Each structure stands twice: as structure tokens, then as C-alpha cells.
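Visitor: Listed below, chain by chain, are the residues.
Protein chains: 2
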Amino acid sequence: MTSALPPPEPRNQVDDPSSPVARFGADEPLMLDAGVPLAPWQIAYQTYGTLNAERSNAILVCHALTGDQHVANPNPVTGKPGWWTTMVGPSKPLDTDRFFVICANVIGGCMGTTGPASTDPRTGQPYALDFPVITIRDMVRAQAALIDRLGIESLFCVVGGSMGGMQVLQWAASYPERVFAALPIATAARHSAQNIAFHEVGRQAVMADPDWRGGRYLVEGTRPAKGLAVARMGAHITYLSEMALHRKFGRNYQDRSAPTFSFDADFQIESYLRYQGLSFVERFDANSYLYVTRAMDYFDLAAEHGGSLARAFKGSATRFCVISFSSDWLFPTADSRAIVHALNAAAASVAFVEVESDKGHDAFLLDEPEMFAAARGFIDAAARARGLS
Amino acid sequence: MTSALPPPEPRNQVDDPSSPVARFGADEPLMLDAGVPLAPWQIAYQTYGTLNAERSNAILVCHALTGDQHVANPNPVTGKPGWWTTMVGPSKPLDTDRFFVICANVIGGCMGTTGPASTDPRTGQPYALDFPVITIRDMVRAQAALIDRLGIESLFCVVGGSMGGMQVLQWAASYPERVFAALPIATAARHSAQNIAFHEVGRQAVMADPDWRGGRYLVEGTRPAKGLAVARMGAHITYLSEMALHRKFGRNYQDRSAPTFSFDADFQIESYLRYQGLSFVERFDANSYLYVTRAMDYFDLAAEHGGSLARAFKGSATRFCVISFSSDWLFPTADSRAIVHALNAAAASVAFVEVESDKGHDAFLLDEPEMFAAARGFIDAAARARGLS
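As you go down the protein sequences, you meet chains C and B in turn. Quick note on the UniProt record's numbering: the first sequence kicks off at 1 and runs consecutively. Quick note on the UniProt record's numbering: the second sequence kicks off at 1 and runs consecutively.
It is worth saying that the hints were derived from the structure and are not from the lab. On a predicted model such as this, the values are computed, not experimentally measured, just so you know. Idealized CB from N, CA, C, for every residue including glycine. A few of these clues could be false.
[To be verified] Here are the computed lysine to aspartate or glutamate pairs in the DMTMM-like style, where the Cα-Cα straight-line distance is at most 25 Å: (1) B:K248 with B:D358; (2) C:K248 with B:E304; (3) C:K92 with C:D358; (4) B:K248 with B:D367; (5) C:K92 with C:E354; (6) B:K248 with C:D358; (7) C:K248 with B:D300; (8) B:K314 with B:D300; (9) C:K92 with C:E54; (10) C:K314 with C:E304; (11) B:K248 with C:E354.
[Stated by the list, open to error] Here are the computed distance ranges between Cβ atoms for each label pair: (12) B:A373 with C:G377: 51 to 59 Å; (13) C:D358 with B:D120: 41 to 49 Å; (14) C:G124 with B:D120: 49 to 57 Å; (15) C:D97 with B:E354: 49 to 57 Å; (16) C:G377 with B:R213: 53 to 61 Å; (17) C:A26 with B:G79: 53 to 61 Å; (18) B:L366 with C:Q125: 22 to 30 Å; (19) C:E370 with B:A373: 49 to 57 Å; (20) C:L51 with B:L366: 57 to 65 Å; (21) B:N52 with C:E356: 17 to 25 Å; (22) C:D358 with B:M243: 20 to 28 Å; (23) C:S279 with B:H305: 34 to 42 Å; (24) C:S91 with B:S279: 53 to 61 Å.
Extracted from the complex, chain C is given alone in its bound form (with noise of 0.2 Å):
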């Protein structure tokens, strides 16, 4: 009568990222916001396309919450195609035919790139909860690490959606000489109480499984993969839009036509619910997800600048131009507005366009032919006016 959710088999990509990866010693600390160095560490990337004679074709994919490296290659974890296929390929916007695309795992993430599964040098055990907690200045303060390393001065394009598009925010805020255009997508300039709200939720579902160990279930050879599940489940319907999922489940009984009088998953939204849980353990690690959710708790760029946006971007010759969807409730258009004002105020060149979608905040991820359209308007352009061919 009842369903709660078996543990999947344990998943650790660091010691296995099949991804190039950037390692720095002791001697290169990186230098976190909570204060403290992290060494030695380490960054896995993916690279598609060629850097051309003068490094000047560079374009940086940030990744969200949940995605990593393998942008626009199969996954080596799941098997399925790269997360942002549509936008990333040869005659795609971001053409890999003309462009050198890179995107690198973040700090703190679990597909390579030093995490809280990590081993701590002084322990020789994972981190836990004594990795020190980062924020989403650590995270591109890592790529910029990565991008000296492969020899990049300047970037030609810095481009993300969601906790994506906070890094593209942070980019153009603490390297605006090495952003030439910035493609900040379904994003916000800081986190909201709303969101605030649902990732703590999150954070104690993760918690509150008992397999979870205080942090410690990598050593205790236990998983919190009920938690993490529920918390999955619940992240995912900020995802979609109200209307989106009354288009594509509604009231509809999973395969019949009236209710069990049951808890089973009686309702298709159920089953695809418990199912979008259940597959998000496997490729993810718990911790991870604590540290990467509170990073973009944390985001709130103003903050840096004294409390405000438009200083953060101040005397900035980086091009920007700012992607909304019209039913995104997570990172609705009103957080891009802002950024947008902010823009205006410090005097930068920025184009705005909100797509009309029904889709909610995934719409990013998804087949988005206006934004398609804007994206690759925009780098065609800004490609011009580096002289790109």
C-alpha cells in the first residue's frame, strides 16, 4: 500500500570525473569567501570546439545547481545526451565550429571538481561537512584559476542560466576586463526568501535521514538517498510552471481511470515525481547538494558593492544581454528587470529580452526557439564586434 524510496547504488565521480582536470597544490591555494585557503584542489572541464591563434573565441558555459562538465557530451554518469544540447554544437548558438566552449564542474559540485566528497589532506577521509562552505564568487574565482591555467586572458563570452547565470553575473563583477559579452539566463542578481525557503527545505530533507550521519555517510558506508530524493521532489516543482504541469499531468490517473484509495502514486504527477527523485540520487551527491544550494543562498551581488547593483557593474565594457521566461516563478522576470535597471544605471551596454513560455523556469534547459534566437543574435553580433569570424 505504501512506496517509500530504495537507496540506489552509490555513485562517486571524483576520483573518476571522465573529464580533463586542472589540479592546484599546496602552493596554490584557493582562496575562499568563509576566510579560509582550500589546497591542494582541483577543477574538471570539458572543452568543445578550438581555441583560435589569438585565444580570443573563448566561451565559458556555467553550469546550475545540478548540472556539471558534460554540457554538450553524453553523461558519463547517466548516459543521456549533454545537458544544454540545443544550445551548444556545431550551428548551434553557441557554435563550436566558431567558438572554443568550455564548462567546468563547481567548486563544492561531485562530478570531479574538488567537493565536500572530496579527501581532506589532514584526514586523508572525505570532507563532509568540514569542506568549508563556498559561494558562488569561490566558484568563479575557480574557473578563472582554470581559465589562467589553459592561457585565456579574456573570455569572448561568459554564458548561464539559473545558479548559471549568478556565476555570468559574478564574472562580469570581478573580472570585467575579462568578459567581453555576458549571457545571464532565468537569473537573479541575489537569492530570495522564497528560494531561500525551498532550498532549506531541501537541506533538512537531507538532513533529516537518519542514512545521512551527521555529513559523514561516504565513511559510514551508508547514502541519504531517501532525503536527497525528497528533497529532489520538492525542488522539482519549482521548476515547472503551475500551468505546465496541469498541461502535462493534470488530474490524470497513472494507468487508470479512477483513484485507489491508496498513498501509491494514483496520480501521474506522482510517479513522475517519485521518479525525478529516485534518478537524481544516482547522479548526485547529498552534501554537494547542501553546499551548492546554500552558495546560492548566500548570492546576493549588491551586497559586495555596498548595497548597490548598478556599482557592482560600474564604468563596465562588457556587453550583457539578459534572458527572462514569462512563467518562471523561481527566478521570475522581475529579477532580471532589476538587473536590467541596475545595467542602465552603470551606464552598460545591455539588451533584455523576456520569452514568452509556459514552461516555467526549466525553460532554459528545453526547445526555446526565442531564446535560441536572442542568444544567437547576441554572439553573432558581439562576435562581430570582437572581429570573430
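Using the hints, position chain B against chain C.
Guide: Structure of chain B alone, referenced to chain C:
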């Protein structure tokens, strides 16, 4: 550094509801939509004011998901004031100097009415998941039996918000001749896919708690407090508007002005949600939470009438007043408009008020003068029409 939620003391109000109780024996079963009889059964209720000689001044208040019968007296479990003292009392819109106000704990609840924590006569142990799945219509059937027991043929008015509003609509559809006036607030004639989704996440959080024990926690002496607290935290977000969260909490830190770089409740919104979760588990039964959310999920009044909501109200002489709140995204105004359209199509008498409020779904429980004025005007006019002084 971390803070999982501690389990509270268990409570069981089934045997001590601190209320009058109407008991129905083995020969008076409650026939349920699931197709099974429930017997024996009981329903706990409170009354306020005096029934007049004509028995024509009775108002039934229907409570929401986690409400109870203690609408206008101190709650015996929490010691807090009744949950709707703004609406019910002397000189209040539901004026207990003029009307006889009744409120009963719903079937499946945990404040004295038969529910999953009640003793199963077949086993002598709590029903747990052997309790039949109940529906909104079952709740209303039980209330009708109580009204019979109280010797009331026809209710002057049935009133309720959220799940209480669903019961109001069900009353008007099932017993039109027994409902003179109906006041559904912040509700819908069917539960949306998004709302089913949020409920399912809450149920999975409860069921993922190993202390839930397949529902047998009362027998086994455990309590799925952590899972239930997570469920409540998630649900609570949906009761508030993004604007209300922003105004009340924003990104304010708890007791300090800077982040702690930890997983403590750094933000005020986190501390608030944790408190909501903890205080809830002290007063509510986890299995009741499963059953009552399930009843809401199954609610689809049109489905009982061949898919036509208008048909549910055809020929009704009941006068309706439908109230919604502009910032309620759980039961948005569009849901109330659908009710009004159906009532119009059924040629029923209906008034509609959308109250401007930024407080979200919870507004119906709060100080909303426009709601009070609308309710008072509607009740007073209906009382005149019924010849009540």
C-alpha cells in the same frame, strides 16, 4: 555545525479531545467513498452561541488541512487562541450573539474525530494505514450525521477556507436543501496538479522517515517527527506569498549581520521555517497528515457530475459568496472564478470578492478587513433573507 530536528513529545488527542463528541455505533456506519463502512466512529466538535427555537441560525465552520474544531476557544494542545477568532465571536462576522456556530474535526483528523490514530475494533490497535482512505465528501457526510444528531435540518450557512472551502462546495452540491448560504474562501473545486505535487512531496518526507515504520509508529513507540516537520516546512512556503516572505524576512540574517558560512539557520526565514516544522509535529498526527492531504488531492467536484461543475450546482437555491485573495498562488483567484462561472451557468445566486492582499493563501486566517466586510455583508443579507433577527 549542523542541526537536524529533535523529536517532540508524542500527543494523541483521540481519547481526550477536550470537546463534545458525537458517537455512532456499529449499527450506524459511515459509508465511505472508498466503498467500505467505518464503524464505530465518532466526531468531535465545538459550538458557540445558542441554537434558536426554530433551529434556523446554525452556521457550520469547516476547517482547513491542519485545523481543528477549536475555532474560537483556546486550543487545548497548543494553548493558543482558536484559529479563527477574527471571524467567529460576539460582534464578529460570524456573530455568536446571533448565530449558533458549529465546528467539527474532520474524519481522518487527530483531534477527537475517528482517524488513523483511532483504535481499529478488529485489532484493538491503532488503524494506522488500515484506516480507509477518505475524501472531502466523506468529511461532509460525517458532518451531516453530526448535524442530524444535533437536530438541525437546515444550516443557515456553511463557511470555510482552503480545504474548508472544499467542504463548503461539497455541502452545497451534496445537500443543497440543507444549505441556505455558502461562503467558500480561498479554495478550488478541484485540486491542481501543482498542489497534488506539493502534497506528494510532504507525504514522501513522512514516509521516508524510518520512525514512520510503515505507519505503525504508535504501536512501535516511535514518531516520524523529522519527516513530518520537513513536510510542514515545505507546505508552509506555499501558504505565504513571495511578497510576504520578502517583507517579513527578506534576506535578513538571524541575530547577526553577516553569514556564518555554515548550515545553521543563518537567515531569519530558515529559523522561522524550522520553528513551523517543530511546533507542528507537537500538535498533529503524521498519518492524519497523509490521509487529509490525500482527501484534498482526490477532490474534484465536477468529476462527480460528469465533468460539469455547473451540474453540481444545478437548481440550487443556496446563495453563495466566493472570496479569493490576489496573492494566493496555492488557490489562485482563477480557481475561485471557475467556481463563480459554474454557479453563474447553474443560475445560482453568487457574489464574488477578490480581496487585495499580499499575504498569500494564509490571508484567510489573518487580519483582512476587506474579507471581514465581505463576509459580514453577505451573512447579514442572508440572515435578513432567512428572517433572522
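Visitor: Can you name, in rising order, the numbers of the hints this structure does not satisfy?
Guide: 6, 11, 18, 19 and 21
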